[in-house]
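> Position chain B relative to chain A; hints supplied.
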Amino acid sequence: MQNKPQKNLNTTQRYHRSVVFTFMTVMIFPVLATLLYSLSQRWGATVLPDSLTFDWYLQLWQDARFLHAFGNSLLLVLGTLVLCTVVIVPTAFVVFYYFPKLDRWMNILILMQFAVPPVVSSVGLLQLYADGPIPMVGTPWVLVGCYFTIALPFIYRALATGLQGLNVRDLMDAAHLLGASTPAAFLAIILPNIRKGLMAALFLSMSFLLGEFVFANMLVGSRFETLNVYLYSVRGTSGHFTSAIVMSYFLFTLFVTWLASRLSR
Amino acid sequence: MNVISATVFADAVVSVKAKGQRFRHWRAVLILLPFVLLLTVFSLAPSAWLIVNSLKVDGDWSLANFSDILGSVFYRQAFGNSLWISVCSSLAGLALALVTAASLRRVDCTLRDITVAFTNMTANLSGVPLAFAFIIVMGTNGAVTLLLRKAGWLGGFDLYSQTGLILIYTYFQIPLALLLLYPAFDALEDDWQDSAALLGASRMTYWRCVGLPVLMPALLGTFVLLLANALGAYATAYALMSSNYNLVTIRISSLVVGDISLEPNLAAALSLMLTAMLVLVVLVNQYLLGKNHAK
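Protein chains in written order, with this note's numbering: chain A, 1460 to 1724; chain B, 12 to 306.
Chain A with its partners taken away, still in its complex shape (with noise of 0.2 Å):
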């Protein structure tokens, strides 16, 4: 008697599959939808568009308007990490080293910036700014200063799991023992050991600092005119046109988050 073939999924496993399966075609829908629309030559009351072209993609990266407020994005954007990298990783290395109890005050202070959304703080950054004697809103400093305060709860996490992993302590005893100063040890011992994690966390700053839209809306406007501002202000125009915006946008952030989770593996 031959033997029947054994099947190969069982009823259990095609449903999980279809389930993820689904939960991915309904994320990437609008994706999709926006690449579609940003090749079509013109897409009217149809469901497909009429025709293919490459023509407003070649019309955006000769705008010279646009190609300046990408730059603004990613000046401010690289500005931030770099301040970020100075400030905070000499900070946690020298709360988990020198002040371990501050940690618990570190998170603290993390967590209120969950709950102050950037329109609530614009508010009181608008009033005190704006003029009198640090008058700062209207110009880009206002904005690194800004994302400072946002990338900080995800940069100071990724540093402080990585030190929690390390043990400081006694790596910083041993380095001692062995006649090196402490910059000298934390530049050779600690920093190799939490550079990992913090390239990851800088990178997956980069792509929502990218789509930051209320703070550079609120507080900079067109004065120094960043991504989504641009994105914003040109949405009464042609939807083919910022559709291109919105796609350069999407896959700009999608390769930078995708840069993030390689080095976190």
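In case anyone wonders, no lab produced these hints; they're calculated from the structure.
Values in this document were obtained by computation on a predicted structure and should not be read as measured data.
Be a bit skeptical, because a hint or two may be false.
Unchecked claim - FRET-style restraints, in silico, Cβ to Cβ:
id	chain 1	residue 1	chain 2	residue 2	range
1	B	K67	A	F1488	47 to 55 Å
2	B	A208	A	R1721	37 to 45 Å
3	B	S206	A	S1477	23 to 31 Å
4	B	G82	A	K1655	51 to 59 Å
5	A	D1562	B	F77	34 to 42 Å
To be verified - Only some residues are given here: those of chain A computed to face chain B with a beta carbon under 10 Å:
id	residue
6	F1480
7	F1482
8	F1558
9	V1582
As the list claims (entries may be wrong) - Footprint (simulated), chain B over chain A, 3 or more residues, beta carbon under 8 Å:
id	region
10	1469-1478
11	1604-1618
For every residue, glycine included, the Cβ atom is placed at its ideal position computed from N, Cα and C.
Relative to the frame of chain A, chain B by itself:
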């Protein structure tokens, strides 16, 4: 808020004295200064301004800002709308993420890794670009809108409405919910379901009596975080509706950068009320996290 800053320093100073190594540790304290300065300038000082000025009217101390808000049908509607959209999108996001997370535990490793990476990427799609993507898909002439209209299923759906906002908010809530819930499933042992089946329990009974109760702290913790995420959201609603839909965050921004009138003190009071709600949410989440660890 500045009390926290002062306490941080007080704690540092106490630690310094306790260690008895003044020179080295004072240098360590100096390293904390840029951090404290940045946090104070960009986070604590604006918060302090909000607290003080929400209690002032024309330079005098007063609770009039708060009574104006509570007495206004307009502002009560803003809070009502914000809460309704937040609760609906958080519940929908949570339910969909729960089903997906449960299945994610059961699929093979390759598909699981791809999906988790994919979820990480989609978690960052929000704000202005997301609103535009939805306009393309489900706006007046969107592809899905046309399909639904042709099939006769469109009904009264309008993207530029409360229902539309709930839909978009649900979309950006799902990846966040999934990323928060997926690790929580580690609490469920695989053989519990087998044991329950041996004892005659149906799948429904297992989930009702074992699965969901075990996951409940994580579910509630995730729910309140989703709530905070939606309550504080501004860019998506603003990009979709401008100032035409009455949400707390839209009202706050209108009061300080609007075209009609600038009322920063009223904005401060409104901001403080929103922040109080969010602080409550954070505290509940922390309590639930603690409860989870206790098991």
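> Look at each hint and say if it fits the structure.
Against the structure, the hints:
In this structure the hint that B:K67 and A:F1488 lie 47 to 55 Å apart at CB holds, the actual value being about 49 Å. Against the hinted window of 37 to 45 Å, the Cβ-Cβ separation of B:A208 and A:R1721 comes to about 40 Å, which satisfies the hint. In this structure, B:S206 and A:S1477 meet the distance hint of 23 to 31 Å, their C-beta atoms being roughly 27 Å apart. At roughly 55 Å, the beta carbons of B:G82 and A:K1655 sit within the given window of 51 to 59 Å.
Evaluation of the 34 to 42 Å hint for A:D1562 and B:F77 yields a pass: the beta carbon distance comes to about 36 Å. With a least beta-carbon distance of about 8 Å to chain B, the hint placing A:F1480 at the interface is held under the 10 Å criterion. Because the beta carbon of A:F1482 sits about 5 Å from the nearest beta carbon in chain B, less than 10 Å, this interface hint is met. The criterion of a C-beta within 10 Å of any C-beta in chain B is met by A:F1558, whose closest approach is roughly 5 Å, and the hint holds.
Annotation: A:V1582 was flagged as interfacial toward chain B, and the flag holds, the nearest CB pair being 5 Å apart, inside 10 Å. Closer than 8 Å: that is the beta-carbon criterion, and the region 1469-1478 of chain A has 6 residues meeting it against chain B, so the requirement of 3 holds. Counting residues of the region 1604-1618 of chain A whose CB lies closer than 8 Å to any CB of chain B gives 5, so the stated coverage by that chain holds, three being the minimum.
Checked against the numbered hints listed earlier, the structure breaks none of them; every hint is satisfied.
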